[in-house]
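Asker: In order, the protein sequence lines correspond to chains A and B.
According to the numbering used here, the stretch in the first sequence is residues 252 to 393, in order.
According to the numbering used here, the stretch in the second sequence is residues 252 to 393, in order.
Certain hints may be false.
[Unchecked claim] Taking lysine to any residue pairs in the SDA-like style, the calculated list, with each CA pair at most 20 Å apart, reads:
1. A:315 / B:296
2. A:315 / B:392
3. A:379 / B:379
4. A:379 / B:322
Quick caveat, the hints were computed from the structure, so don't treat them as lab data.
Nothing here was measured: the structure is a model prediction, and the numbers come from that model.
Protein chains: 2
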Amino acid sequence: MDARHFLVLGASLLAMALAGPAGAQEKVQEKVQEEVREMPQPYVRVAEIEIDPSQVEPYGAAVKEQIEAAVRLEPGVLALYAVADAQNPAHVFVFEIYADVDAYKAHIETPHFKAYKAITQDMVKSLKLRDTVPILLGAKRT
Amino acid sequence: MDARHFLVLGASLLAMALAGPAGAQEKVQEKVQEEVREMPQPYVRVAEIEIDPSQVEPYGAAVKEQIEAAVRLEPGVLALYAVADAQNPAHVFVFEIYADVDAYKAHIETPHFKAYKAITQDMVKSLKLRDTVPILLGAKRT
């Protein structure tokens with residue numbers, strides 16, 4: 252998965268480079284390829300949320316706060332991408348990438364997630380949560 | 252955006268570390284924070300696709316091939332995440348992150364994208380393409 256991949260990659264680049272510049276580029280390349288092969292498949296969910304149109308702004312603030320806390324505090328939350336339909340800002344998608352199912356289960360028990368649910372409960376008109384199976388999670392790599 | 256962010260970050264870590272280990276950690280941290288602030292907002296689309304249930308496998312193969320080519324060959328294709336609904340493998344979402352609108356426009360004119368469209372045209376029962384506005388694209392960072 253890309254976020255974790257690049258984190259590992261950052262650390263590897265640093266370690267290889269500190270070991271000395273000779274041949275570092277080749278070693279980095281080999282290391283990257285090993286890590287790409289070894290990466291476990293993450294757990295991905297797609298949430299589709301209809302917001303009360305009069306509550307789009309406070310909902311956005313609450314979801315931002317929740318995402319910032321989750322990405323910062325939870326090792327298993329790899330990415331939370333919240334976007335609004337350009338034609339209808341009250342129609343929100345959240346594409347959620349967790350290290351595994353347990354990371355998701357831990358996420359929904361956190362204080363920041365519970366606070367988000369409490370704050371937004373009267374802003375959300377409907378909520379579809381989809382458990383998914385990745386076909387391919389393709390992202391730029393070196 | 253995370254993919255590009257981490258690419259830039261990898262290069263920075265390497266450069267800073269080659270410059271010498273003294274204080275490298277702090278410099279890396281400063282550099283990362285600068286880059287986070289400077290990152291432009293990417294262009295994100297959400298595609299929702301209903302596949303003919305008898306064509307789920309060949310569709311998956313075609314979408315994988317298209318994604319691999321796009322991520323490898325197109326500098327402006329930052330991520331293409333294709334997932335299937337766990338309850339209904341014929342219901343596919345593709346979360347698409349481009350550097351900007353022009354990168355998306357270039358993408359749909361590429362030979363690999365046109366081949367994908369031609370191969371899958373009889374496999375796809377319906378297609379919803381949504382242009383979106385990011386609320387927050389949160390991903391793990393160092």
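Asker: Take a quick look at whether residue 315 of chain A and residue 392 of chain B sit within 20 Å of each other, Cα to Cα.
Answerer: holds, 16 Å
Asker: What's the verdict on residue 379 of chain A and residue 322 of chain B, does the C-alpha distance respect the 20 Å limit or exceed it?
Answerer: violated, 29 Å
Asker: Holds or violated: are the alpha carbons of residue 315 of chain A and residue 296 of chain B at most 20 Å from each other?
Answerer: Holds, because 19 Å separates the two Cα atoms, which is no more than 20 Å.
Asker: Measure nothing beyond the straight line between the CA atoms of residue 379 of chain A and residue 379 of chain B; if it is 20 Å or shorter, mark the hint as holding.
Answerer: With Cα atoms ~16 Å apart, residue 379 of chain A and residue 379 of chain B stay inside 20 Å; holds.
Of the numbered hints given earlier, the model fails hint 4 alone.
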